[in-house]
Amino acid sequence: MPISRRMTLNVSVKTLGCLGLLYWPFSHAQAYELTGYISGEHRYSLSNSLFSEPEQHASSVAFSPEFYTEWDEGRQSLIISPFFRVDTQDVERTHLDFRELHWLLVQDSWELRVGISKVFWGVTESQHLVDVINQTDLVENNDTEDKLGQPMINLSLFQSWGTVDLFMMPYFRERTYVGLNGRLRSALVVEENSAKYESGAGQRHLDIAVRWSHSIGEWDIGLSHFYGINREPLILLNSSRTALIPFYETMKQSGLDVQYTFESWLWKLETIRRDTKSDTFTAFTGGVEYTFYNTFDSNLDVGVLAEYLFDDRNSESLASFENDGLFGTRFTWNDEQSSELLFGLIHDFSSNDAGWSVEASRRIGNRWKVSLEARFYNIKDKNSVLFPLRKDDYIQLEFMRYF
Amino acid sequence: MYKFFIILMLTVTSLAAAQTPEEKGYAIALETDNRDKGWEDSSAAMKMVLRNRHGQESIRQIRVVNLEMESDGDKGLTVFDEPRDIKGTAFLSYSHALVPDEQWIYLPALKRVKRISSSNKSGPFMGSEFAYEDISSFEIPKYDYLYLRDEVFEGNNCYVLELRPQYQYSGYTKSHVWIDKKEYRNQKVEYYDRKNSLLKVQRFTDYQLYLGQYWRAHTMTMDNKQNGKSTTLYWTDFKFKTGLTSADFKKNDLKRQR
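So the protein sequences, as listed, match chains A and B. When we follow the working numbering, the leftmost residue of the first sequence carries the number 93, and every step to the right adds one. When we follow the working numbering, the leftmost residue of the second sequence carries the number 235, and every step to the right adds one.
The shape of chain A in the complex, shown without the other chains (with noise of 0.2 Å):
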């Protein structure tokens, strides 16, 4: 559906068109739209690394525009975002992105999107096992949270009885990791250029996948197959075991989400099946949300979260959180500034290792937000992928213009 009155942004336009970057076939589509941020952030780790090279202080500046056009009634439109970040710590992390570059063709039963575009499926908080369309950007967070753009042919259609999506995706994205310089890295850092595939195409490799989606009642169901190469490499040893080198394998995995909303509950549960060569494993993460509205008399809402987190994979070096707990609160203030407030905590069970972490956030008038991201990592476990991080505790303070 075309809501067509926007913001048209005569000015930018204009200037735009006057360097000559602008030539549209259409003639008669006027609405186009430049928004985005640039943001500047600082980060301070608590203690000195484990490493000699990195620092405890980073800063980091980072400019996301998105333009957008739209024409044939609304039917069609062209979206254009890169992501840019300069850091002055880790040269791994100074990288350019396009998060999403696509056309987008909308009809009444049916969408093809063509192009590069981001991709969201799942319930869960803590992790996010069924979303595999898009690589993670491992240098933005190592939450996780932050995906490179996937080239693909995406077609919806929309029946009575849900939602099919069907993906083609072209060519694979290497996932970004932390160099030499940065925090949060390992002993041995992963080599640039250095990925290999067990699929003979490599790169380009034709991975497929399609996903059906529905709600019925309080339920919100999701079932996707995936055949490709797998976002989530093993790490090798190169040859002169001075650094680590990625391998990319094939796999197959289906993936179920659900949610059941009752009240003021939200009941979720995601799990896998992967296959690959080196193993076959399964994979959940299920749990509870549940908010008190309107606490102590005042608009502040407080959400509790509780999820657990299974894994039987093999290899020790890639299962983080093979039985793990997140408990988590949020804080909503519903107040003018949007102020918000996260605290979590991950536990191992097994090991008994935890991190917690804080993320607050709150907008200062009209067009700047201030957010607020701490990290606190306790590990024991010698043999736990997460060992490295010991020393890294940080705190992070953002600053974010909107355009």
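Heads up, none of these hints are tricks.
Derived DSS-like pairs (lysine-lysine); straight-line CA-CA distance at most 27 Å:
{"no.": "1", "chain 1": "B", "residue 1": "Lys345", "chain 2": "B", "residue 2": "Lys281"}
{"no.": "2", "chain 1": "B", "residue 1": "Lys484", "chain 2": "A", "residue 2": "Lys210"}
{"no.": "3", "chain 1": "B", "residue 1": "Lys348", "chain 2": "A", "residue 2": "Lys210"}
{"no.": "4", "chain 1": "B", "residue 1": "Lys258", "chain 2": "B", "residue 2": "Lys271"}
{"no.": "5", "chain 1": "A", "residue 1": "Lys210", "chain 2": "B", "residue 2": "Lys489"}
{"no.": "6", "chain 1": "B", "residue 1": "Lys459", "chain 2": "B", "residue 2": "Lys281"}
{"no.": "7", "chain 1": "B", "residue 1": "Lys281", "chain 2": "B", "residue 2": "Lys321"}
{"no.": "8", "chain 1": "B", "residue 1": "Lys271", "chain 2": "B", "residue 2": "Lys281"}
{"no.": "9", "chain 1": "B", "residue 1": "Lys281", "chain 2": "B", "residue 2": "Lys422"}
{"no.": "10", "chain 1": "A", "residue 1": "Lys344", "chain 2": "A", "residue 2": "Lys288"}
{"no.": "11", "chain 1": "B", "residue 1": "Lys408", "chain 2": "B", "residue 2": "Lys271"}
{"no.": "12", "chain 1": "B", "residue 1": "Lys321", "chain 2": "A", "residue 2": "Lys210"}
{"no.": "13", "chain 1": "B", "residue 1": "Lys348", "chain 2": "B", "residue 2": "Lys485"}
{"no.": "14", "chain 1": "B", "residue 1": "Lys422", "chain 2": "B", "residue 2": "Lys258"}
{"no.": "15", "chain 1": "B", "residue 1": "Lys345", "chain 2": "A", "residue 2": "Lys210"}
{"no.": "16", "chain 1": "B", "residue 1": "Lys345", "chain 2": "A", "residue 2": "Lys344"}
{"no.": "17", "chain 1": "B", "residue 1": "Lys415", "chain 2": "B", "residue 2": "Lys258"}
{"no.": "18", "chain 1": "B", "residue 1": "Lys271", "chain 2": "B", "residue 2": "Lys484"}
{"no.": "19", "chain 1": "B", "residue 1": "Lys348", "chain 2": "B", "residue 2": "Lys281"}
{"no.": "20", "chain 1": "B", "residue 1": "Lys485", "chain 2": "A", "residue 2": "Lys210"}
{"no.": "21", "chain 1": "B", "residue 1": "Lys258", "chain 2": "B", "residue 2": "Lys408"}
Calculated from the structure, these hints are not laboratory results. Note that the structure is predicted; figures quoted are calculated from it, not measured.
Following the hints, complete the assembly by docking chain B onto the known chain A.
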């Protein structure tokens, strides 16, 4: 003939007198609801101005699309343009009279559609003085009705009704509604909190008529009498019968709202 009219009038008067305040309140609510039927779908833009006690303002820009559903609550899609940090956030609601509404929110930064709980009726919408229940679609079974009195309010002859919410999680014990007798439009609502004290007063002004039948207030002001804050909604660009269907109110549609 003259005698016949007298008798007829007496009959009508006595019939009216036989109506209990509950019946009369219900009849007025029904008439109000009936007069606003048949618009099929509508869209509008809204600017929301929030004022705190010190007169500081913050602004929200929102677009709203609704689909009228026969024998069920309306479907609604709300898209946020301002403030910029939540631009592209979209909210989809299938409202129902007495069973809980179905609601989803789309978070553009994560490209994530989240099903959310609809129990939060009394919480503030976007940090404003409007609660979710104040802006949700009006359905007859949501309330019990009581006719209180006739009263002239700002030059309009009005019915004054008392509405008692019958749905769960309302923040109100009751509200008093001033409805003008001529066009059956809301002129004023007083909301009483759970302790039964006056909480908020809503005013409806700048009414305009659309398609010869549908009155829409272009300005709505909510004054909170307890915390001194207020919120004004300025509505523009009303459109009706644009040919939208249920297919335009799918979960998937949230993702590409601009």
